[in-house]
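Chain by chain, the residues:
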Amino acid sequence: MLYLISYVGRSSINLVREMGRTTILLLQAIAWMILPPYRLKAIIKQMEFVGVKSLSVVILTGIFTGGVLALQSHQGFKLFGAETLVGSIVALSMTRELGPVLTALMVNGRAGSAMAAELGTMRVTEQIDALYVMAANPIKYLIVPRIIAGVIMLPVLTIISDFLGIIGGYFVGVFLLNINSGMFVANILQYLDLDDIFHGLTKSLFFGLILTHIGCYKGFYTEGGAEGVGKATTEAVVISSVLILISDYILTSIMF
Amino acid sequence: MIQLIDIHKSFGSNVVLNGLNLSIEKGKVTVIIGRSGGGKSVLLKHIIGLIRPDAGAINIDGKDITRFNDRELNRLRKKFGMLFQEAALFDSMTVGQNIAFPLEEHTKLKSSEIMEIVREKLAQVGLTGIENKMPSELSGGMKKRVGLARAIALEPEILLFDEPTTGLDPIMSDVIGRLIVDIQSKLDVTCIVISHDIYGTLRIAHKIAMLHDGLIIESGTPEEIRNSGNPVLQQFIEGKAEGPITVL
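Protein chains in written order, with this note's numbering: chain A, 35 to 290; chain B, 65 to 312.
No wet-lab data here; the hints were simulated from the structure.
Check the hints yourself; a few may be wrong.
Partial list, computed: chain A residues near chain B (C-beta under 10 Å) [to be verified]:
#, residue
1, 94
2, 97
3, 152
4, 156
5, 159
6, 160
7, 161
8, 163
9, 168
10, 169
11, 170
12, 175
Sample of chain B residues lacking proximity to chain A, with all beta carbon distances greater than 12 Å (derived) [what the hints assert, rightly or not]:
#, residue
13, 72
14, 79
15, 83
16, 130
17, 276
18, 283
Note that this is a predicted model, so its numbers are computed, not measured.
C-beta atoms are modelled at their ideal positions from N, C-alpha and C, and glycine is treated no differently.
The whole structure should be built from the sequences, with the hints applied where relevant.
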């Protein structure tokens, strides 16, 4: 019994400590974002890493998600003779939900984990200490460019995913399921609002912040050599994925 | 002059420094020796403000740096250069970019002038023509020498060396030892070296201090250390398993 109480107590203290450290690191990163000098070169390098290098995985995810959405929704709508609604379902699902969430999860698996691993390795090989010793703030130098890149590139990737998802849905709907092309497009235009797209992009902006910040946080505070780096990388991906899904629910309930 | 006064530091229940006192003279090579895991690296990180003590004061040029805020610490660190145990070169940068990094951060020099200094510093540690190599292409000894070139890029007043000869063959260890002496005399810097390489230490040090159980138990010139009657120090110098320090 005593063991159980001490276990719960210890876990609670650790949780509060982690939350505190995460928040403090985020606040420090925001403060360093505002203060000069601005490291444009490092930001562009990270934008390439988060954005350009995630493009192939985002393109594939977008096209096939849109396609499978068309396929699945067609099965249901066929029962009511409302197959033309497939277009609007694909467009609404992609822009409001699947585009932002799936893009964030894919980028998290690729870039979030890489950030945790890279910063973790820098921590255990004393490269972060070397930055401190050379009076170069590692938060400014390592974390700020990554967070800015995530916040900018996630919405960009989400737009691409949204668009390609609709294209994927169009191809499946029109060419495989024989839905009238004009009806498919007209339905999308009738039901899809600009607000749907903007709200989806707003969500992706938060997801970009979450996945880069957690990736950086876990890497930055890595302890314990190669094993620690592996642990930090796994934790970064798991925690970011869960937080993306939880924040998705919260943001959706606020915005829509 | 660097003074460490009654420094206490613990990590959880593990007491690492237990009321440590040490004076480090300006323009000399001071070597802190002690067993692996005995707190030498922790001590070095206190001197540069990477770790704050639980209690005690660290006076550098009369100012207690334990009271410094981040901005003051950054200003102080520009006076320092440090060679890390595994060199800690940025592995995403070339050798040249590594050495240029502190110059780009803290000077307004043109890139051509920076590259000139990079070549000069590399030559000073006996390396030429490797500016475009990546750290992963270098041997352990070369990495340490590049790390040293980076540490002296800004011509610091104080140089810190964390186990500079660990993992190197005896010849390369001697090369690094000679470089420390050479750089110290040429640049007139204060060098603080932590090491457990006793023979290398006796060759390069002006002063040696032995860290044991969180305290400096003996300090003096190499001659005084060699002739010390302290049984712990003698066991360490002779490298014997039997003695007051018990491992097994």
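Against the structure, the hints:
1. The restraint placing residue 94 of chain A at the interface with chain B is violated, with a minimum CB-CB distance near 28 Å, outside the 10 Å limit.
2. For residue 97 of chain A, the shortest C-beta to C-beta distance to chain B is roughly 33 Å, which exceeds 10 Å, and the interface hint is violated.
3. Here the hint on residue 152 of chain A is kept, as its CB sits about 8 Å from the closest CB of chain B, short of 10 Å.
4. Here the hint on residue 156 of chain A is kept, as its CB sits about 8 Å from the closest CB of chain B, short of 10 Å.
5. Look at residue 159 of chain A: its Cβ gets to within about 6 Å of chain B, closer than 10 Å, so that hint holds up.
6. At its closest, the beta carbon of residue 160 of chain A sits 4 Å from a beta carbon of chain B; the interface hint therefore holds under the 10 Å criterion.
7. A least Cβ separation of about 5 Å between residue 161 of chain A and chain B falls short of the 10 Å threshold, and the interface hint therefore holds.
8. Checking residue 163 of chain A against chain B: minimum C-beta separation of about 6 Å stays under 10 Å; hint holds.
9. The closest approach between the C-beta of residue 168 of chain A and any C-beta of chain B is roughly 5 Å, which is under the 10 Å cut-off, so the hint is satisfied.
10. For residue 169 of chain A, the interface hint holds, since its Cβ comes within 10 Å of a Cβ in chain B; the closest pair sits about 4 Å apart.
11. At a threshold of 10 Å, the smallest CB-CB gap from residue 170 of chain A to chain B is about 5 Å, leaving the interface hint in force.
12. Given hint, residue 175 of chain A at the interface with chain B, holds; its Cβ is 9 Å from that chain's nearest Cβ, closer than 10 Å.
13. Consistency note on residue 72 of chain B: stated as away from chain A, and its beta-carbon is indeed over 12 Å from all of that chain's, at 22 Å minimum.
14. Separation of residue 79 of chain B from chain A is adequate, the least Cβ-Cβ distance of about 20 Å exceeding the 12 Å criterion.
15. Distance check on residue 83 of chain B: its Cβ is at least 25 Å (rounded) from any Cβ of chain A, clearing the 12 Å threshold; non-interface status holds.
16. At roughly 16 Å, the least C-beta separation between residue 130 of chain B and chain A is larger than 12 Å, which holds for a residue marked as non-interface.
17. With a minimum CB-CB distance of about 25 Å to chain A, residue 276 of chain B clears the 12 Å threshold, and the non-interface call stands.
18. Under the 12 Å C-beta cut-off, the non-interface status given to residue 283 of chain B relative to chain A holds; the minimum distance is some 25 Å.
Comparing the model with each earlier hint shows violations of hints 1 and 2; every other hint is respected.
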